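Whole structure, please, built from the sequences with the hints as guidance.
Chains as they are written, first to last, in our numbering: chain A, 1 to 156; chain B, 1 to 156.
Derived by calculation from the structure, the hints in this document are not laboratory data. Quick caveat: nothing in here was measured; it's all calculated off a predicted structure. All C-beta atoms in this analysis are idealised placements derived from N, C-alpha and C, irrespective of residue type, glycine included. Certain hints may be false.
[Claimed, not checked] Computed beta-carbon distance windows for the label pairs:
#1 A:T72 with B:D136: 48 to 58 Å
#2 B:P71 with A:L115: 16 to 26 Å
#3 A:N93 with B:Y75: 31 to 41 Å
[To be verified] Not the full set, but computed from the structure, chain A residues with beta-carbon under 10 Å of chain B:
#4 L57
#5 A67
#6 D70
#7 P73
#8 D84
#9 Q104
#10 A109
#11 V112
#12 D124
#13 T128
#14 Q135
#15 F145
Protein chains: 2
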Amino acid sequence: MSKLAAGLGAVLLATIATAAMAAGRDRASTAGLTPDEAAAGHCAAWNTTNRADRDRLLERVFARDGAYSDPTPAYAAGRAALSDHIAKFQRRNPGGRFRCSAPQIHHGAMRVSWLFLKPDGTVDAEGTDFYELGQDGQIRRITGFFGPPPPIGPDR
Amino acid sequence: MSKLAAGLGAVLLATIATAAMAAGRDRASTAGLTPDEAAAGHCAAWNTTNRADRDRLLERVFARDGAYSDPTPAYAAGRAALSDHIAKFQRRNPGGRFRCSAPQIHHGAMRVSWLFLKPDGTVDAEGTDFYELGQDGQIRRITGFFGPPPPIGPDR
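In structure tokens, the structure reads:
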């Protein structure tokens, strides 16, 4: 191969890699993990009481050094800490279950609505999680908020 | 001053600095900028058509290299790009006005509800902005979402 052809080949490969990374921001093509799968996997993890099963779910969708926080004020640094936190939540809320929306996504970020149901199926709590995704589609950060979005007062 | 005293002084200063930085995550004490001021300042910037006035507002509340994105799919990298983007929005929506909620905040992140009103005062659009704050209280990133949080389908 001539030097020119090699150079063109390198440029072409770099272009393909850049395009794949850009696509990965929203479609997680590099890991075969879609935003919907990431959100559904995280939701399922909260409903999974078996530790090994839950860790398998989180291993697929949540970055090893990902972070989770909510206003309780829980803060879990890393996948294992999140699994610990979920276990603690489940012990305090036995028989409860989360239902989660499909994600809305742009620029590698997304939001997901959720309901937490009591064992009798009535709604115990609701909220919105804000996600940041890595280029491989895994969740890098979740910041949760409880209740509906804040109201806008008449004076504002 | 003895070496021991100097050493203790250094430890004390480091401790104070660390505490101030930790406080800054939620209270912006280092810049005297509160989360409410950051959110209100950003909202006011969208309502300010004079470029110099708007840039003064953004200079206080938005980091120079901060990022703004929304689903339009606008992406503004840096304070000046955000001011440009707001100018473009204002040209397309003359006489409109934003109203914004107080922020809900935890772990250096917050969400803010907003309404965009037409010149006649009727609601044209609504949404929620997710903010990330720096340790000085300035906005490092805003990720906007339009409409209410996504609905949770019966099959989920």
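Right, here's what the structure says about each hint:
1. A:T72 with B:D136: 48 to 58 Å: Once the Cβ atoms are compared, 26 Å apart, the range 48 to 58 Å for B:D136 and A:T72 is violated.
2. B:P71 with A:L115: 16 to 26 Å: 24 Å Cβ-Cβ, so the 16 to 26 Å window holds.
3. A:N93 with B:Y75: 31 to 41 Å: The hint (31 to 41 Å, Cβ to Cβ) holds, given that A:N93 and B:Y75 are roughly 39 Å apart.
4. L57: Hint violated; A:L57 Cβ to chain B Cβ min 16 Å, cut 10 Å.
5. A67: The hint holds - A:A67 has a Cβ within 10 Å of chain B, the shortest such distance being about 9 Å.
6. D70: 7 Å, holds
7. P73: Result: holds, 5 Å to nearest chain B Cβ.
8. D84: This interface hint is violated because 18 Å lies over the 10 Å limit.
9. Q104: 5 Å, holds
10. A109: 5 Å, holds
11. V112: 7 Å, holds
12. D124: This interface hint is violated because 14 Å lies over the 10 Å limit.
13. T128: This hint holds: A:T128 lies near chain B, its Cβ roughly 5 Å from the closest one there, short of 10 Å.
14. Q135: 16 Å, violated
15. F145: Since the shortest Cβ distance to chain B is 5 Å, the answer is holds.
Comparing the model with each earlier hint shows violations of hints 1, 4, 8, 12 and 14; every other hint is respected.
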